[in-house]
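Assemble the complex: chain A is given as a structure, and chain B must be docked to it using the hints.
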Amino acid sequence: MSHVSVVTRLAASAALLVASSAFAQSSGPIKVGLMLPYSGTYAALGNAIENGFKLYVQEQGGKLGGREVQYFKVDDESEPSKATDNVNKLIKRDNVDVLVGTVHSGVALAMAKAAKDNNTLLVIPNAGADAITGPMCGANIVRSSFSNWQPGYAMGVVAGQKGVKRAMTITWAYAAGAESTKGFTEGLEKNGGKVMKDLTLPFPNVEFQALLTEIAAQKPDAVYAFFAGGGAVKFVKDYAAAGLNKTIPLYGPGFLTDGTLEAQGASAQNMLTTLHYADNLDTPKNNAFRKAYALAYKSQPDVYAVQGYDAAQILATGLKAVGGDLSKRDQLAAAMRKATVDSPRGKFTLSPAGNPVQDIYLREVKGNNNEFRSIAVKALADPARGCKL
Amino acid sequence: MSTATFLVQCLNAVQYGLLLFLVASGLTLIFGIMGVINLAHGSFYMIGAYLAFALAPWFGDWFVTRLVAGVVLAAVFGYLLEWAFFSFLYDRDHLQQVLLTYALILVFEELRSLLVGNDVHGVPAPSWLAGGFRLGGLMEYPWYRVFASAACLVVALALYAVVNRTRLGMMIRAGASNRDMVRGLGVDIRRLYRIVFAGGVALAALAGMIAAPLSSVYPGMGSSVLIICFVVVVIGGIGSITGALVASLLVGFVDTFGKVFFAEWSGVGVYVLMAIVLIWRPEGLMKRGF
Numbered sequence: 021m022s023h024v025s026v027v028t029r030l031a032a033s034a035a036l037l038v039a040s041s042a043f044a045q046s047s048g049p050i051k052v053g054l055m056l057p058y059s060g061t062y063a064a065l066g067n068a069i070e071n072g073f074k075l076y077v078q079e080q081g082g083k084l085g086g087r088e089v090q091y092f093k094v095d096d097e098s099e100p101s102k103a104t105d106n107v108n109k110l111i112k113r114d115n116v117d118v119l120v121g122t123v124h125s126g127v128a129l130a131m132a133k134a135a136k137d138n139n140t141l142l143v144i145p146n147a148g149a150d151a152i153t154g155p156m157c158g159a160n161i162v163r164s165s166f167s168n169w170q171p172g173y174a175m176g177v178v179a180g181q182k183g184v185k186r187a188m189t190i191t192w193a194y195a196a197g198a199e200s201t202k203g204f205t206e207g208l209e210k211n212g213g214k215v216m217k218d219l220t221l222p223f224p225n226v227e228f229q230a231l232l233t234e235i236a237a238q239k240p241d242a243v244y245a246f247f248a249g250g251g252a253v254k255f256v257k258d259y260a261a262a263g264l265n266k267t268i269p270l271y272g273p274g275f276l277t278d279g280t281l282e283a284q285g286a287s288a289q290n291m292l293t294t295l296h297y298a299d300n301l302d303t304p305k306n307n308a309f310r311k312a313y314a315l316a317y318k319s320q321p322d323v324y325a326v327q328g329y330d331a332a333q334i335l336a337t338g339l340k341a342v343g344g345d346l347s348k349r350d351q352l353a354a355a356m357r358k359a360t361v362d363s364p365r366g367k368f369t370l371s372p373a374g375n376p377v378q379d380i381y382l383r384e385v386k387g388n389n390n391e392f393r394s395i396a397v398k399a400l401a402d403p404a405r406g407c408k409l
Numbered sequence: 068m069s070t071a072t073f074l075v076q077c078l079n080a081v082q083y084g085l086l087l088f089l090v091a092s093g094l095t096l097i098f099g100i101m102g103v104i105n106l107a108h109g110s111f112y113m114i115g116a117y118l119a120f121a122l123a124p125w126f127g128d129w130f131v132t133r134l135v136a137g138v139v140l141a142a143v144f145g146y147l148l149e150w151a152f153f154s155f156l157y158d159r160d161h162l163q164q165v166l167l168t169y170a171l172i173l174v175f176e177e178l179r180s181l182l183v184g185n186d187v188h189g190v191p192a193p194s195w196l197a198g199g200f201r202l203g204g205l206m207e208y209p210w211y212r213v214f215a216s217a218a219c220l221v222v223a224l225a226l227y228a229v230v231n232r233t234r235l236g237m238m239i240r241a242g243a244s245n246r247d248m249v250r251g252l253g254v255d256i257r258r259l260y261r262i263v264f265a266g267g268v269a270l271a272a273l274a275g276m277i278a279a280p281l282s283s284v285y286p287g288m289g290s291s292v293l294i295i296c297f298v299v300v301v302i303g304g305i306g307s308i309t310g311a312l313v314a315s316l317l318v319g320f321v322d323t324f325g326k327v328f329f330a331e332w333s334g335v336g337v338y339v340l341m342a343i344v345l346i347w348r349p350e351g352l353m354k355r356g357f
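Chains as they are written, first to last, in our numbering: chain A, 21 to 409; chain B, 68 to 357.
Hints listed in this document are in silico derivations from the structure and should not be mistaken for laboratory results.
There may be inaccurate statements among the hints.
Ranges between beta-carbon positions, derived for each pair [as the list claims (entries may be wrong)]:
(1) A170/B with R113/A: 25 to 35 Å
(2) A170/B with M216/A: 12 to 22 Å
(3) N108/A with W332/B: 45 to 55 Å
(4) L252/B with Y194/A: 53 to 63 Å
(5) R393/A with V229/B: 48 to 58 Å
(6) K185/A with V143/B: 50 to 60 Å
(7) D186/B with Y194/A: 15 to 25 Å
(8) P191/B with K311/A: 32 to 42 Å
(9) P100/A with S180/B: 47 to 57 Å
(10) K408/A with D186/B: 34 to 44 Å
(11) S180/B with Y317/A: 35 to 45 Å
Just a few of them, taken from the derived set where beta-carbon distance is under 7 Å, the chain A residues facing chain B [what the hints assert, rightly or not]:
(12) N67
(13) L221
(14) E234
(15) G250
(16) T280
(17) A283
(18) G285
Glycine included, every Cβ here is placed at the ideal spot set by N, Cα and C.
So here's chain A without its partners, still in its complex pose (with noise of 0.2 Å):
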């Protein structure tokens, strides 16, 4: 090898490794900062999540808009409390793109604010507070999951479809129980029934004994119902127990059955519920998420898994809009808006106050799975009251 040659290949390497430099100064890695539950009750949902996410990343070659994705991760702990200096450790401290959280709705609503204070780019992956797209809508925020509002009133469409007249709702007394009855009633009257009385208790008590007797002596046509985990599991079974499954139909949004069904047994079997997916949807595309999400992560992936991935989807249709370029930041987030998601769930779009218009699904319990049955309502849109974009 002549001299000469080595020096070309060294001026040649210095010149490409100049290059490459100088691409990334004007084009580094887009900073994620999830912000998840990774300990306490609600562990599990922030890792199926985050897993969806990093799934559809790694599907799109590890890059969004042409770019590498850098992580940056809070664990949130589901304590509002704390949710402000949580999220400013990722805007001040990490100085993130974009923040990708959360699960609770009181942490989900602090990082909300915090996102507008900051005009800070916003993808909530869960949280379902109706707030997040009414009064507290922001256009640098969106969600990937669901309002309360939506599941409720597809199942009071569907009870009053049923030739329900006469309900009673029962939930805990606060904000998601409330708003995801007050869906219900809306959904019920606008096909012929009503709701007679809404029962209450405070959160998180698990005494239902005294109101299922209420419900016994009133006799309504049917029962709707908001309670998640413990109290989910307890309500279900002591509905049974009381024998009322058998003459009054219990209702409720998905949640009442998903990750639920092993601990309820028996006493779920057959129960009609709505939200925007089902463990069986048998589309390509979903069946193409199951087996890869399996693959990768050794696990089923269940509906947090899904919106995790389509929050990743819509962030990803705003970067390939500006071509990866962050300083447009208005026009990316007026693309985000406008994304078509091809979601395992179905295809969906976005209301201008940022919550997905989809398709909502009436499940029937069988076995361990939440099983499709019809189309509840078909592109279901917040009616985003409050909302001022």
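Below, chain B alone, put in the same frame as chain A:
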């Protein structure tokens, strides 16, 4: 409200009250006799429930055997816990007791998370208690709930008999009123405390095991029970078994009928009851009357 509905609601109230008594009795023993503010009591209830879940595959339909095995395990656990931690607390102030017992809550919750995970699990009721009976054409009442109430009643009677009719009970009562005098009379007060503490833990665990098929097991199930138990203990009079029984039933009635008649205010009902009782009798319903 019809008479039938009213009677069913009374039944609900009594049933809830009796289960509450079972948890609260252990707390009032430990609090009243040993003077220890035991915040970890709710955790013992949770441990009992998870014991029922863990032991279920081993015992199948041998439900009573399962309960006995669980109680024995819990008592041994309580005995060791007293020896390792609580025995150092008697001469210290309440703040240190609160710190230790609060730390225990965190430790037990984390251990639960590591060993069993954060999912909700159902615990099967024995098949010989499956099903229920019709109540006035209104609804079904599960046999298991009847069994649970009966079991709580039996424990209440047994506890009353032990405290009031046995030598051990006499020492417990004496130790509660004057610790130093009992020691002066040659009773090994440390051993006595150890037994009382083990008994208190066993009672809470038993309540958890009995409640498990009704409530399922889930993270944080102990904390909600703890608060209502302190309410019962304070209303009943600290250290009084009879007081705890009366207070549990009162709380059961206020909670049940509060939910029916004053849904908006049902969360504060039992606290209003507590405030009224404390204004009327600042030391609770029974002042160490046992």
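Verification of the hints:
1. The given range of 25 to 35 Å is respected by A170/B and R113/A, whose C-beta atoms sit roughly 30 Å from each other.
2. Distance hint for A170/B and M216/A: a CB-CB separation of about 49 Å, inconsistent with the stated range 12 to 22 Å.
3. Under the hint 45 to 55 Å, the C-beta atoms of N108/A and W332/B, about 38 Å apart, miss the expected range.
4. In this structure, L252/B and Y194/A meet the distance hint of 53 to 63 Å, their C-beta atoms being roughly 55 Å apart.
5. At roughly 57 Å, the beta-carbon separation of R393/A and V229/B lies within the given 48 to 58 Å, and the hint holds.
6. Distance hint check: the CB atoms of K185/A and V143/B are about 58 Å apart, consistent with the given range 50 to 60 Å.
7. Judged by the Cβ atoms, the range 15 to 25 Å given for D186/B and Y194/A holds: they are separated by roughly 22 Å.
8. For the pair P191/B and K311/A, the supplied restraint of 32 to 42 Å holds, since their beta-carbon distance comes to about 34 Å.
9. Checking the proposed 47 to 57 Å range against P100/A and S180/B shows it is violated: the Cβ atoms sit about 21 Å from each other.
10. At roughly 41 Å, the beta-carbon separation of K408/A and D186/B lies within the given 34 to 44 Å, and the hint holds.
11. For S180/B paired with Y317/A, a C-beta distance near 20 Å fails the hint of 35 to 45 Å.
12. Because the beta carbon of N67/A sits about 11 Å from the nearest beta carbon in chain B, more than 7 Å, this interface hint is broken.
13. Given the 7 Å rule on beta carbons, the hint for L221/A holds: about 6 Å separates it from the nearest Cβ of chain B.
14. The interface hint given for E234/A is met, as the beta carbon of that residue sits about 6 Å from the closest beta carbon of chain B, less than 7 Å.
15. Proximity of G250/A to chain B holds as hinted, the smallest CB-CB distance being about 3 Å (cut-off 7 Å).
16. About 6 Å separates the beta-carbon of T280/A from the nearest beta-carbon of chain B, less than 7 Å, and the hint is met.
17. For A283/A, the interface hint holds, since its Cβ comes within 7 Å of a Cβ in chain B; the closest pair sits about 4 Å apart.
18. Checking G285/A against chain B: minimum C-beta separation of about 5 Å stays under 7 Å; hint holds.
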